[in-house]
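Those protein sequences? They're chains P and S, same order as listed. Residues in the first sequence are numbered consecutively from 0, following our numbering. Residues in the second sequence are numbered consecutively from 5, following our numbering.
Worth double-checking, as some hints may not be accurate.
[Unchecked claim] Below, computed lysine to any residue pairings styled on SDA-like, alpha-carbon distance capped at 25 Å:
hint, chain 1, residue 1, chain 2, residue 2
1, P, Lys30, S, Met267
2, P, Lys84, P, Gln49
3, P, Lys66, S, Glu84
[To be verified] Where chain P lies over chain S, by a calculated footprint (3+ residues, C-beta under 8 Å):
hint, region
4, 236-250
5, 371-383
No wet-lab data here; the hints were simulated from the structure. In this text, a Cβ means the ideal position worked out from N, Cα and C, and glycines have one as well.
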Amino acid sequence: MKKTSSLVLGLLAACALAGTTFAAGGTPEPKKVDFSFDGPFGTFDRASVQRGFQVYREVCASCHGAKYLAFRNLLDVGYSEDMAKAIAAEYQITDGPDDFGDMFERPGKLSDYQPDPFPNDNAARASNGGAMPPDLSVVVKAREGGAPYIYSLLVGYDEPPVDEELRAGQYWNTYFDGHKIAMPQPLYDDMVDYADGTAATVEQMSHDVTTFLAWLAEPAMEDRKKMGLGFMLFMSVFVVLLYLTNKRIWRRVKDGYSPLVDKE
Amino acid sequence: MATGGFKPKNKAVRWFDERLPIFSLLHGSLGAGYPAPRNLNYFWNFGSLAGLMLVVQLVTGIVLAMHYTPTAAGAFDSVEHIMRDVNYGWLIRYIHANGASMFFIVVFIHIFRGLYYGSYKAPREILWMLGVVILLLMMATAFMGYVLPWGQMSFWGATVITNLFSAIPVVGDHIVTLLWGGFSVDEPTLKRFFSLHYLLPFVITGVVILHIWALHIPGSNNPLGIDVKGPQDQVPFHPYYTAKDALGVGVFLIFFGLFVFYMPNVLGHADNYIPADPLVTPPHIVPEWYFLPFYAILRAVPDKLGGVLLMFAAVGLLFAVPWLDTSKVRSAVFRPTFKLFFWLLVVDCIVLGVVGANPPEGAWILVGRLATAWYFIHFLLVLPLLGKIEKTRPLPASISEAVIKKDTGARPSATPAE
Numbered sequence: 000m001k002k003t004s005s006l007v008l009g010l011l012a013a014c015a016l017a018g019t020t021f022a023a024g025g026t027p028e029p030k031k032v033d034f035s036f037d038g039p040f041g042t043f044d045r046a047s048v049q050r051g052f053q054v055y056r057e058v059c060a061s062c063h064g065a066k067y068l069a070f071r072n073l074l075d076v077g078y079s080e081d082m083a084k085a086i087a088a089e090y091q092i093t094d095g096p097d098d099f100g101d102m103f104e105r106p107g108k109l110s111d112y113q114p115d116p117f118p119n120d121n122a123a124r125a126s127n128g129g130a131m132p133p134d135l136s137v138v139v140k141a142r143e144g145g146a147p148y149i150y151s152l153l154v155g156y157d158e159p160p161v162d163e164e165l166r167a168g169q170y171w172n173t174y175f176d177g178h179k180i181a182m183p184q185p186l187y188d189d190m191v192d193y194a195d196g197t198a199a200t201v202e203q204m205s206h207d208v209t210t211f212l213a214w215l216a217e218p219a220m221e222d223r224k225k226m227g228l229g230f231m232l233f234m235s236v237f238v239v240l241l242y243l244t245n246k247r248i249w250r251r252v253k254d255g256y257s258p259l260v261d262k263e
Numbered sequence: 005m006a007t008g009g010f011k012p013k014n015k016a017v018r019w020f021d022e023r024l025p026i027f028s029l030l031h032g033s034l035g036a037g038y039p040a041p042r043n044l045n046y047f048w049n050f051g052s053l054a055g056l057m058l059v060v061q062l063v064t065g066i067v068l069a070m071h072y073t074p075t076a077a078g079a080f081d082s083v084e085h086i087m088r089d090v091n092y093g094w095l096i097r098y099i100h101a102n103g104a105s106m107f108f109i110v111v112f113i114h115i116f117r118g119l120y121y122g123s124y125k126a127p128r129e130i131l132w133m134l135g136v137v138i139l140l141l142m143m144a145t146a147f148m149g150y151v152l153p154w155g156q157m158s159f160w161g162a163t164v165i166t167n168l169f170s171a172i173p174v175v176g177d178h179i180v181t182l183l184w185g186g187f188s189v190d191e192p193t194l195k196r197f198f199s200l201h202y203l204l205p206f207v208i209t210g211v212v213i214l215h216i217w218a219l220h221i222p223g224s225n226n227p228l229g230i231d232v233k234g235p236q237d238q239v240p241f242h243p244y245y246t247a248k249d250a251l252g253v254g255v256f257l258i259f260f261g262l263f264v265f266y267m268p269n270v271l272g273h274a275d276n277y278i279p280a281d282p283l284v285t286p287p288h289i290v291p292e293w294y295f296l297p298f299y300a301i302l303r304a305v306p307d308k309l310g311g312v313l314l315m316f317a318a319v320g321l322l323f324a325v326p327w328l329d330t331s332k333v334r335s336a337v338f339r340p341t342f343k344l345f346f347w348l349l350v351v352d353c354i355v356l357g358v359v360g361a362n363p364p365e366g367a368w369i370l371v372g373r374l375a376t377a378w379y380f381i382h383f384l385l386v387l388p389l390l391g392k393i394e395k396t397r398p399l400p401a402s403i404s405e406a407v408i409k410k411d412t413g414a415r416p417s418a419t420p421a422e
């Protein structure tokens with residue numbers, strides 16, 4: 000049974016094929032983009048995450064929520080405690096009821112979550128021509144194509160081909176499935192002022208906000224890869240020891256010794 | 005199970021063992037008291053790996069259940085809570101989610117090993133059939149587990165699969181209502197799936213114990229497929245196969261770790277990170293990869309009831325394999341034509357998997373039907389006929405003779421030395 004590996008490989012190939020087929024269709028593959036978090040050793044570029052958070056706050060957040068983003072999470076991407084507290088305090092959070100049974104507004108704290116831009120889904124739809132702007136907390140994991148797709152979508156706005164007609168509230172995006180997207184082009188050059196002086200081109204902002212969203216979707220990624228490295232190093236040594244142990248135990252049997260018959 | 009004659013050296017252990025012979029049981033089932041054929045190859049590792057995966061899934065699942073909320077409003081949030089706020093929650097969840105795939109990979113290889121070496125033939129029919137029961141239970145468990153995160157694919161997968169039962173005449177609609185706990189997939193469905201997803205692994209554990217019990221009556225089959233003739237054909241399970249299984253576990257954990265640590269979502273669907281929405285149907289509703297061949301068989305038939313019956317028949321058929329295969333020779337090593345058909349079946353199953361992953365349009369429909377037809381032809385025609393007409397190679401006289409004569413200069417251990 001030497002073709003053994005073909006079985007395993009075949010199964011894997013089947014999964015791989017199964018995976019790729021979803022991307023097929025009329026829409027082009029996402030652009031090839033390099034991200035700091037790519038590969039087995041990739042990490043989130045802190046400066047890029049912070050710039051991306053700025054883009055999110057100043058642009059995306061007017062329509063898109065990020066309900067799993069707690070302000071305490073900002074400490075993980077290089078914000079100092081004071082900075083994170085200051086950012087939280089910019090938001091008004093509804094708290095309560097107080098001792099008199101009344102709800103009240105107070106500035107946000109580290110333990111609070113990013114408030115949603117709309118009180119409910121119906122309000123969100125009403126403000127967006129009937130389309131629901133999705134929550135962005137896990138959007139990078141929730142789209143086939145992941146981070147490169149999100150990036151491509153943000154830079155993929157274009158004039159529609161002459162034979163295509165757009166209804167009101169529809170926009171043309173090269174990378175969107177079906178091309179007709181309800182979100183108008185969100186980013187234009189110099190829309191935000193980066194504190195670190197980085198030029199705020201559409202590409203740069205798209206790249207930064209995608210990095211931010213990738214972190215938000217998978218905040219434990221760095222821990223995961225770090226633990227993975229330790230696991231792999233340990234296991235490769237351990238497997239060598241297991242191999243040598245097994246080899247030694249079997250050596251005499253391989254030479255013809257029968258432990259249940261031949262007495263020592 | 006040869007438990008007789010085992011005397012623990014430690015006095016306290018012996019005292020206990022005389023009253024409850026649990027040490028004798030271990031000694032006789034996994035220890036030095038269980039003789040196994042000396043020529044088992046690495047394909048015999050997958051049984052212990054399947055056992056390992058059952059334990060991994062149980063342990064991680066029990067921890068996940070401590071943090072999970074089985075409500076339509078809370079399920080998705082609680083999974084993200086596990087991923088973000090529970091200590092090492094991401095690790096436990098990724099082990100569990102990928103563990104399901106690993107469990108199926110291991111079990112599929114285990115099954116194909118049984119098919120290749122004729123491990124289902126007398127006197128191991130019950131052993132094999134218990135294995136098929138385990139496979140069915142695993143499929144039910146995995147399906148219900150995939151519903152629990154309450155993402156889009158959870159919801160729509162549950163809708164499509166539970167709807168299949170409505171094809172059954174007369175009682176179909178009642179069964180579906182019972183599965184749903186109402187008139188659509190909703191919170192009652194999620195709650196009963198969670199309850200059953202927690203229960204079934206323990207049922208699996210029970211059947212696994214029976215499976216191992218049934219294994220220990222005749223003992224393991226082996227790559228030559230011939231019966232053990234005497235102790236010279238065997239080695240004690242411990243330390244020989246414990247060491248070999250440990251090596252297998254080590255290599256397997258590296259493979260497992262690649263998924264958990266470096267591509268934890270590659271086997272899943274992006275759509276399942278979108279919270280369930282009964283008003284939005286995803287463009288492609290596709291089951292997890294391990295169900296794809298069965299999904300392809302389901303869709304190969306234009307009639308709903310026919311498809312459902314054929315899909316269940318594809319698994320149910322396996323119960324009859326010990327009697328469908330008429331060959332007296334177990335191992336494919338001595339059945340040159342069967343060997344070809346075996347690999348054709350493997351390819352056929354992979355083709356079915358690919359078909360299942362693709363939308364049922366164009367050439368995929370034809371390929372799916374041909375592959376489905378071949379699957380049944382293999383079991384219902386090829387296996388019975390081949391056993392009658394195939395010219396098999398001569399079998400060796402014994403395992404020890406076949407294995408030891410390869411090494412020139414080694415003494416034949418059939419003759420007791422000293």
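Evaluation of the provided hints:
A threshold of 25 Å between alpha carbons decides the hint, and for Lys30 (chain P) with Met267 (chain S) the separation of about 20 Å falls inside it, so the pair holds. For the suggested pair Lys84 (chain P) and Gln49 (chain P), the alpha carbons sit about 15 Å apart, so the restraint of at most 25 Å is met. With a CA separation close to 11 Å, the supplied pair Lys66 (chain P) and Glu84 (chain S) stays within the 25 Å bound. With a cut-off of 8 Å between beta carbons, the region 236-250 of chain S has 9 residues touching chain P; three or more are needed, and the interface restraint holds.
Given a C-beta distance limit of less than 8 Å, the hint that chain P covers the region 371-383 of chain S is violated, as 0 residues qualify and 3 are needed.
Violation of the numbered hints given earlier is confined to hint 5; every other hint is satisfied by the structure.
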